[in-house]
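> Chains as they are written, first to last, in the numbering used here: chain C, 3 to 158; chain E, 3 to 158.
No wet-lab data here; the hints were simulated from the structure.
On the chain E side, residues computed to face chain C include the following (Cβ under 8 Å):
(1) G91
(2) V113
(3) I116
(4) P117
(5) T118
(6) I119
(7) M130
Each residue gets a CB set at the ideal place from its N, CA and C atoms; glycine is no exception.
For reference, the chains in residue letters:
2 protein chains.
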Amino acid sequence: MDVRIINPFLEAAQNVINTMAMIETKVGKPYIKKDSSSLGDVSGIIGITGDASGSFSITFTESCIKAIVSNMLGMKVTELNDDVKDAVGELTNMICGDARRRLEEQGIKLVGAIPTIIAGKGHSITHMAKGPILAVPFETPNGPFVIELALDSGNN
Amino acid sequence: MDVRIINPFLEAAQNVINTMAMIETKVGKPYIKKDSSSLGDVSGIIGITGDASGSFSITFTESCIKAIVSNMLGMKVTELNDDVKDAVGELTNMICGDARRRLEEQGIKLVGAIPTIIAGKGHSITHMAKGPILAVPFETPNGPFVIELALDSGNN
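The following block holds chain C by itself, in its conformation from the complex:
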């Protein structure tokens, strides 16, 4: 699997968060994740099948996701309640869907499952796919988030 496969997810994350929450994000340097250390407070995870099999995740710090969901809902969000979890599920779905459309234009067909949302202060995520785990950190005015993609080598 070409590591450039992360780019459509990166563009999709920027596009979706900008569109849904009107928040500009600054992309950090993509890296290959060696351990399960990127800790966060809320994550959306989605299983991927199709031309490759694996998982995509997006992990937010509490301050970051509160600002994003406050903008999405047009009201100040003060705790990680069900509204926030629903919004993280929605964002995860939209980012994965947007990335899949971009990849399909390149002839790569991935199928997304239904997302799962994890809430828990400082949890870690470990992807089990055999390929490298690609991570991209983002900065927002209210704190960071990170996207991660792990795929088994497929046909592409």
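On the provided structure of chain C, position chain E as indicated by the hints.
Quick look at chain E alone, frame taken from chain C:
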């Protein structure tokens, strides 16, 4: 989606944990999960596509998974390290695979993605599938674990 679809997962969980760790599990009463409250310390999550789309998870308390992995590895495990996370990934894969084989005999074809492992004291999991979230609690001599299955209504 027929709620009896949980049964193959229930049988698979018992079979895999008994086979891999020689630990007898006692099945509790299955229920429909209304919130994201089943808290645990380590979870394996796997996305599902095919005749239905959704997610399967298995969430262990720390004492429970330490006992299981100690038996699997033949050495006492004292912390939630990478060995434990790998073992949870392996168990999640095996349970899902075993359940899928059982379902295929009933004419239901599901495809499993690659599992993701979550570690974090008392994290919660929220499944976003539109169908009911089916949960089954299990008891082991070293503490409980719970399996959860959420699928969008498919063809079956």
